[in-house]
Amino acid sequence: MSEYRTVVGLEVHVQLLTISKLFCGCSVTFGQPPNSAVCPVCLGMPGVLPVMNQKAFELALRAALALNCQIAPYTKWDRKNYYYPDLPKNFQISQYDLPFSFEGYLDIPASLDQPSKRVGLFRAHLEEDAGKSMHDESGQGGSTKVDLNRAGTPLLEIVSKPEIHSAEDARAYLEELRLLLKEAGISDCEMQEGSLRCDANVNIHIPQADGSFIATPIVEVKNLNSFRAVERSIRYEAMRQMEQYQKDGKKMGEVSKCTAGWDDARGVTIVQRRKEEASDYRYFPEPDLAPIRITAEMLERAKASLGELPHQARARLQADFGLGIYDADLLVRMGRAITAYFEKVVSAGADAKSACNWVANQVLTTLNESKSTIDQYPLTPGILAGLVVEVQKSGLNMQRAREVYGAMLADGVDAKTAIQKLGFVAVADEAALAEMIRKAMAANPKAVSDFKAGKIKAADSLKGAVMKETKGMAKADLLQKILLDELNKV
Amino acid sequence: MSLTADQVRWVAHLSRLKLSEAEVAQMTPQLASIVGYVDQLQKINTEGVKPLYHALEQVNVFRPDALGTSLSPEEALANAPERLGNFFQVPAVLD
Ligand SMILES: [Zn+2]
Chain A
1 MSEYRTVVGL
11 EVHVQLLTIS
21 KLFCGCSVTF
31 GQPPNSAVCP
41 VCLGMPGVLP
51 VMNQKAFELA
61 LRAALALNCQ
71 IAPYTKWDRK
81 NYYYPDLPKN
91 FQISQYDLPF
101 SFEGYLDIPA
111 SLDQPSKRVG
121 LFRAHLEEDA
131 GKSMHDESGQ
141 GGSTKVDLNR
151 AGTPLLEIVS
161 KPEIHSAEDA
171 RAYLEELRLL
181 LKEAGISDCE
191 MQEGSLRCDA
201 NVNIHIPQAD
211 GSFIATPIVE
221 VKNLNSFRAV
231 ERSIRYEAMR
241 QMEQYQKDGK
251 KMGEVSKCTA
261 GWDDARGVTI
271 VQRRKEEASD
281 YRYFPEPDLA
291 PIRITAEMLE
301 RAKASLGELP
311 HQARARLQAD
321 FGLGIYDADL
331 LVRMGRAITA
341 YFEKVVSAGA
351 DAKSACNWVA
361 NQVLTTLNES
371 KSTIDQYPLT
381 PGILAGLVVE
391 VQKSGLNMQR
401 AREVYGAMLA
411 DGVDAKTAIQ
421 KLGFVAVADE
431 AALAEMIRKA
441 MAANPKAVSD
451 FKAGKIKAAD
461 SLKGAVMKET
471 KGMAKADLLQ
481 KILLDELNKV
Chain B
1 MSLTADQVRW
11 VAHLSRLKLS
21 EAEVAQMTPQ
31 LASIVGYVDQ
41 LQKINTEGVK
51 PLYHALEQVN
61 VFRPDALGTS
71 LSPEEALANA
81 PERLGNFFQV
91 PAVLD
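Quick mapping for you: the protein sequence lines, in order, are chains A and B.
Just so you know, we're using my numbering here: the first sequence kicks off at 1 and counts up by one.
Just so you know, we're using my numbering here: the second sequence kicks off at 1 and counts up by one.
Hints are computed from structural coordinates only; laboratory data are not their basis.
Here the structure is a predicted model, which is why all the values come from computation and not from measurement.
Cβ coordinates follow ideal geometry from the N, Cα and C atoms, glycine included.
Any given hint could turn out to be false.
Partial chain B-side listing against chain A, Cβ under 8 Å, derived [unchecked claim]: (1) SER33; (2) ALA55; (3) PHE62; (4) VAL90.
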């Protein structure tokens, strides 16, 4: 009995793309000198009043709509009371029983080998971040340093239902969530800078002979600093729980919920303290912050600000451009700006599949190498379309086509000029190609007999010989056709 | 409504209050009377009365997303019992 079903719910916190904090005008820019972006409000001084950042609420609303959530007509904030040195007020302003959004979902997109999967969301709510504690690592007992720059930063907490059933799906969910939030301008989702953080609630269901299953106690895995860490920690934790169950037979409800840290270097989860019960936070309504009544106008504005979401873009690229799932996904993951560039290349005359290949390979490589964005890219869509068309027309092989592309970038010329300058003339003379093939066959009878014996790959060496003789200029599709004709004659 | 001494100790612990046994004995009936008052409110018939989620009747108070004035680290740390450079310093905290 070693088979089990992994059950995961993810709690994701993302920082909203504002310039100031949730309740005060302090800057949220990452990496400022310690305790330089703080004021009486975010330091929790007596007598101060928090006031809601309008942009933060708008972005939160936009996110909730993008995540198919229901929107509450009326929402308020609550104090979550606990003591920690990086929480200067001794409470966090969060949302408890009336979050502004609830009951949504996110679809993990379909791939070539699996259909799309829907993950339900319990809620998304808007809250403030705490400061940052840095612990003395010397092991001397020492002290803890606190920087409160981050305190009061607007966070959206997105809580999924336990409807994720593998480590791979957890990662795919996070990737889709990040893409969605970035594309809609809600968060930059930089894990390195802490603007996307993830905790995973993990347990397993162990099937029993009678068809029922036993659920193990839930463990909340924290300190997940990368998507890879999320994936690895879930896989490890599920295995650990199976081993633990085989040792002590403890089921859900028999021990209280635990938290665990993830040790990335050792690749293990380390189970820590008992999690305090939710009621211990003694939530009560934040008396200093006015509630929000969400108006039809606010909703309309948020809807209008969504733009095309990734799943919509994938569907459109498949329907309008005839791209496959894989190519459509590839483009969408590169972002709206690159997708728009691709579309212009197609309107300028390139066929969609080739345009997608060029954009996803050469264009992306150029952008990465020059660390620039598509709006700084030197070739207009029309010029790139010209290259795609020329390559197809002339039958230049990919290696030669890349050289043409390089020359276009270097000299700022169009494809025709670059091809002329490089002296690339494809050999498309059927008789000449056939002659070269026969010569290659005569020089390599083993390749011919191998091919005849069913080793299709053996034809490659013959093709290679012709390519060598023509310095790579043989028109590839024509060469392929004549080669097969000649081989079939033998 | 009665409260046990253990409940009082637990609430005190959550609020990081150190109560002596004498204080626990004193606080228990005091807190119980407050909770008892709420019990009394619970008995009121509220059928047909809309729930009140917040004492403020005002809604939708926003500020624009604009930078205001922050304190300097010196000002921010002025009340800190201990500091380390421009950080607040607190006794070691273990996660
Ligand atoms: Zn502030």
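Results for each hint:
1. SER33: Violated - the Cβ of B/SER33 stays beyond 8 Å from chain A, reaching only about 19 Å at its closest.
2. ALA55: 6 Å, holds
3. PHE62: 4 Å, holds
4. VAL90: 4 Å, holds
Violated hint: 1 only; the structure is consistent with all others.
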